[in-house]
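Trainee: Residue numbers (the working numbering), protein chains in the order written: chain A, 1 to 448; chain B, 1001 to 1271; chain C, 2001 to 2435; chain D, 3001 to 3185.
Some clues are possibly wrong.
[As the list claims (entries may be wrong)] Straight-line Cα separation of at most 25 Å, SDA-like style, residue types lysine to any residue; simulated pairs:
1) A:K182 / C:R2301
2) D:K3006 / C:E2263
3) A:K426 / A:L436
4) B:K1022 / C:R2250
5) B:K1136 / B:Q1146
6) C:K2119 / D:K3006
7) B:K1011 / A:R88
8) A:K80 / C:R2301
9) A:K426 / C:P2086
10) B:K1011 / A:L436
11) B:K1011 / A:A268
12) A:K108 / A:T67
13) B:K1011 / A:M101
14) A:K112 / C:D2332
[What the hints assert, rightly or not] These stretches of chain B come out as covered by chain A in the derived footprint (C-beta under 8 Å, 3 or more residues):
15) 1005-1014
16) 1023-1034
In case anyone wonders, no lab produced these hints; they're calculated from the structure.
Treat the numbers as computed from the prediction; the structure is a model and nothing was measured.
Cβ atoms here follow ideal geometry from the backbone N, Cα and C, with glycine treated the same way.
So the chains spell out like this:
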Amino acid sequence: MKPLAAFWGRRSLNERVALIVVPIAVVAAVVTVLAIVLLGPPFLDFLGANLPLVRFVVAATAILVMTIPTAFILIYLELKVIARMNLRIGPNRIGPWGAAMSLVHGFKVLSKEDFAPTGADITVFTLAPVVTYMASVMTLLVIPFAPGLIGQDLNIGLLYFFAMGGLTVLGLLMAGWSSFNKYSLLGGLRSAAQAISYEIPLTLSVVGVIMLTRTMSTNGIVLAQSGSVFDWFIFKQPLAALIFFIAATAEANRTPFDMTEADSEIVAGFATEYSGMRFGFFFFAEYVNVFIVSALITTIFFGGWTAPLNWPWAYNLDWFHPLSFGLAWIAIVPTVLLFGTYFFAIPVRLFGGRSWGLWSSLGLGFLILLVALAGLVGLAGFIAFDWVRGLCWFMAKTYAFVITFVWMRATLPRVRVDQLMGFAWKWLLPASLLNLFVTATAVIILYR
Amino acid sequence: MSFVPGLGMAKGMALTLRRFFKPKATIQYPETAPDIAVRFRGRLQLLYDELGNIKCETCFQCAQACPVECIDMGGFDTRGRFHVHWGAAEQYAERREESALRRSGRPVPDAEYTQFDPIDAAAVDGILAKYDYDQKEMLAILESIQDTYGYLPVAALKRVSQVSGAPYALIYGTATYYRHLRFEKPGRTVAVCMCTTCLVAGAHRISSTLARELGPDTGRQPAAAGMTLKKLPSHIPGARSPLVTLDGEPHAVSQHGAAAWARTVAGRSVS
Amino acid sequence: MPPRQNAPRSSTGRPSAPGPKMRAGARAAEPERFASADDPRVMLDREVGADLFEPIPPYPTRTEREGEFYTLRDGEMFLNVGPHHPSTHGVMRLVVKLSGEQIVDVDPVLGYLHRGVEKICENSDYYHVIDQVDPLEYISSLFQEWAAVLSFEKLMDVQVPRRAEYIRVLSGELLRISSHAMFMGFFALDLGGLTPILYSFIERDEIVEMLAALTGARMLFNYFRIGGVNGDLNHEFMSRLGDWMSRAGREIESQATLLNENEIFVRRNRGVGVMDRDMALRYGVTGGNLRASGVPFDVRRAHPYSVYPELDFNIPTREEGDCLARYLIRIDEVRESIKIIDQCLHNMPDGPIMARLPRLLRPRPGRAWGACEGPRGMLGVYSISDGSDQPFRFRIHDPSLLNLETVPALLPGHLLADTMAIVSSLDPVMGGIDK
Amino acid sequence: MDRNLKARLEARVGEYLRAPVYQRHDETEIRIDPGSVPEVLRTLHDALDMRFEILADLAAVDTGEVMQVVYHLWSPMTSDWLRIIADGISRDDPRAPSATFLWTGAEWLEREAYDMFGIVFEGNRDLRRIFMPPDYTSFPLRKDFLLPDDASRSPGAGVRHMEKAHDPAVLADDPASGIRRAPLS
């Protein structure tokens, strides 16, 4: 023992670290390689054996992960758009054009203390944000982003969506009740009442579409409008589209229907007592809701991922199959990088002025080259793979509606509670029933 | 409200959409400075020179120019005179504790502020009546006040300015100009001049001796009963160095005799 | 359960010097109280002790009215709107008694901003008073100065030069516009509109910068003097004013397009908080709120006090007396003010801007009441002189106090959401109310 | 000033006046007993040639010897402000009739007067402190309420401590208490 201790004592700090780390690293590497070699194929077989389950797990994880950047983008978008609309600049300090603002928001929310008021029902209080967030995330499962790119193509997709939308309100109600604050209570009850009265026109307005398509699967609805622009249901069901838009605004608690956190009346509504990441969940859930609602409007009435114009020349680029080049890649890659860099660097060096030295212009040229390559690959994908195309169109339409929601928030004042209810029951409900009746008649007359 | 439902909202939406593309009203401060009006008052503040000394000479011209007399003097500046402040006394640290103490009704222990103590102003009124409230007689008035009280209480000066209507600045200027008018209660203050001549003559050693004898530190309230040890703001012209004053009168104190002198002044027995 | 008013608190709420002694007996006969949803002990769970909750109010009630207000019937609850609430202007607290979202009764609690300005003014001489009253109505502080100065000038028979009067009118009307712009912005904000407040702040900022060029301060201009104004018109001010006049009130007009026809906005305000003529008079409401209920009372015309008789403008009135009328009145007044500014610029006389006054003011003993028309109504100052250089009594009358007093009468029966509409349509400024 | 108004006032409320009608600048001032406030206000408010229907202000004044309640009224019939001074309210137990029977808005003004001066307005249904906290015990705007440190004159004259007894007898022989008394005109 003694010589070992002496040996250890003579080693310097780096040597000691190396003595510990290196063997572990070696062992770990060996074990990994062995595991991959030995267990890899059977594991893949296992995955392949029960593919649907794996697919579901992957899809759920992907969607859960996807909500975070979505919420960030929406928050930043709202900050910027509203700011510009009331003649401000908005966030412009953090990141380029303040793009990192919502990221910093996230960190702030994470680093804040979240406390529960005395007298609050802690379990419910803690559970509420999670319920809200999970409910809104789960609705994303049935949204067809692109052909084949859908979480789970349920044949009762719309029903599932409305059910989950109801759950969101449950979360708000829990929050309002458990916060032990009258403002929160008012907010929660308001949200419950609002949801109850707006679920009905929301659902009824879609029934017309369901009758026309004879399916409740969102994918099926999109496929039903994939013919031309005039197959979109906005043209067949304009009234339903309007009703759905209004009701969806109320469903997502957006201005002018943001009763639940009417900041000038009930301080922050259900979220009054929330802080830190608990509040962050509500915050994210709100924006995810906005995204989902816009996505659903796109899916049901604006043809989902179908392009407004068809692409006759969208032939497949099979000749450009990556493997068809074989070992030539070894020559192609450096050549392209080298000459491409020079190609873009030369004009920078020539016309960039004195500030661009040799290396800086070369670096810039390399960056430009990377961007150009990325663009090329994207364009190729856009042309070659229809899911890329579909995704692009879907996102374009959805964000158009997101911006519309933000625009409304920037413009309109808030509706009073009773007027909100009155509007739902006196106008939206009869209108949706009328729409339903007309559609039914048309279906009976035309499609028989 | 228009007859077409939603038209009003549509107008609003159109306006916001147009504003979306309009130039923005934001002034990005550090990059583009806002154009501040020439007359803009901004914040009042005192200037300091490169040595960190306050530039204010306490000439009171600002106090006299201020139309609403919001400029006020208190504390002490580098020349041992009052310091310039703005606004109510409660805003400034030394005065805040002063007025807080006074609000509590207890006597204020701080020797620096004994001169702010309230006084029985009846005598002042009598003196003023004697001089017929004449501002030109200010020096005589102040002298007789000092004869009455033994020193010049600030309260008395304020009283004078209230009753006679003379600006406080004028009275205060007069009081600080003449050396025989003093603000300290007699029998209290020992001051050592620290001018170059006196330092050469060993003023520093004297002051440290006095400090050791009289109390802990210059400016604070020493251990010896009611003695205050100060730096003399400026050398009295004509007085011989080293210059030590007791309540403003110069005393001849040598380096070696300082300790004994201090004990005698403090009223202790000479060992 | 013991009645909550008789919480075991002694020695509170009872003035030492003469107070309402007769109230003591009144508390014996008070209605029997039920357990209500608001009662903490009902909603309480185990680990929270009952001592967590103060009785409401935490002192024995002082009047029958208070006792009757703080007694809950079944299904009612109290809601503290303010002092920290997004839409209370200043630090105002409304204790609202709700059943559901319906308002049963309101009890405004004032004094969170009380500085005792009257006492301070009585202890500071006539020159000081002007900047002591500045922060009272901090949104339109020139008018408070104006009232004080009017009263003092009556007190000491000062003749103000015409140019000074014109400058006063000019700056005053500018400030009126900025104040109204802020009102519209905050009104829309309380109704949930995000954008108008920023448009109106653009308008206000131009005006305030302009006035900073004239007076030297953006908010608390200490500009009016007894017998004139502090500084003469300067080039910078005139150039800024010229730029502004070319597009005067543009932002306010843009708000008008944003809100006036907006269905949501109109539906929320039409017929809400209706204050009819008699009620407005009984409550001593002044300013736009009074004119919105059909009484053409505007001190500028009813009791001309400056060069207003020479100027040509009219007093807009409306008959409805609801929130919408109170909002629209402001827009009309802005247009009138722009007319007045135009006239002031056209016939601005030359001459001195200050009357010659002694350095120390000692008016003869007497009393004077000066009143001027602020953006929120009649601002009055009643000052008594005892011959010394300080006002013996300096009484400030602020319109917002009486405007706010109508709230307990207007709110009951409305929804909680209407609280914001009504209160902010009355446009109170707590700085002036609490003095 | 409006001479005609003076004549009308003497005709209407002549018997209540305890001093001749006083007119200066654009103000007409009458001085009455606190007891006769309701009749006078009612008359001025209802009489067809008066119609003083806007209550401009209700102020309380502490002259050092007595308390006053001062009403300012405005009427479309005259170009003058009318000032009614209800004079001679004792400082020891100040009581005055309330004006809320005519102007409901006077309620808060009277609350303010009570809060600052301790004048009890009989008939005001809700007479409690309005600005000061409920457990506050003194009346700040009285002349014998002395400021802790008075901002304009500090340091010096203003430094006395707060809330001496509201007893003029005590304060009379206290030289340091600069209690100011108005010349009663």
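Trainee: Is the straight-line distance between the alpha-carbon of K1011 of chain B and that of R88 of chain A 25 Å or less?
Mentor: holds, 21 Å
Trainee: Need the status of pair K3006 of chain D, E2263 of chain C: alpha-carbon distance at most 25 Å?
Mentor: This hinted pair is violated, its Cα atoms lying about 54 Å apart.
Trainee: Take the C-alpha atoms of K426 of chain A and L436 of chain A, compute the straight-line distance between them, and say whether it is at most 25 Å.
Mentor: Holds - the C-alpha atoms of L436 of chain A and K426 of chain A are around 16 Å apart, at most 25 Å.
Trainee: Please work out if K1011 of chain B and A268 of chain A have their alpha carbons no farther apart than 25 Å.
Mentor: violated, 29 Å
Trainee: Given the hinted pair K1011 of chain B and L436 of chain A, is their alpha-carbon gap at most 25 Å?
Mentor: With Cα atoms ~31 Å apart, K1011 of chain B and L436 of chain A exceed 25 Å; violated.
Trainee: Given the hint that K1022 of chain B pairs with R2250 of chain C, test it: the Cα-Cα distance must not exceed 25 Å.
Mentor: The hint holds at about 14 Å.
Trainee: Does K112 of chain A pair with D2332 of chain C here, judged by a C-alpha cut-off of 25 Å?
Mentor: violated, 47 Å
Trainee: Does the structure keep K80 of chain A and R2301 of chain C at a Cα separation of 25 Å or less?
Mentor: Not satisfied, since the Cα-Cα distance of roughly 47 Å exceeds 25 Å.
Trainee: Counting residues of the segment 1023-1034 of chain B whose CB is closer than 8 Å to a CB in chain A, do you get three or more?
Mentor: holds (count 4)
Trainee: Decide if the proposed pair is consistent with the structure: K2119 of chain C and K3006 of chain D, CA atoms, cutoff 25 Å inclusive.
Mentor: violated, 34 Å
Trainee: Checking one constraint from the list: CA of K182 of chain A to CA of R2301 of chain C, max 25 Å. Satisfied?
Mentor: Violated - the C-alpha atoms of R2301 of chain C and K182 of chain A are around 47 Å apart, more than 25 Å.
Trainee: Need the status of pair K426 of chain A, P2086 of chain C: alpha-carbon distance at most 25 Å?
Mentor: Violated, because 32 Å separates the two Cα atoms, which is more than 25 Å.
Of the numbered hints listed earlier, those contradicted by the structure are 1, 2, 6, 8, 9, 10, 11, 13 and 14.
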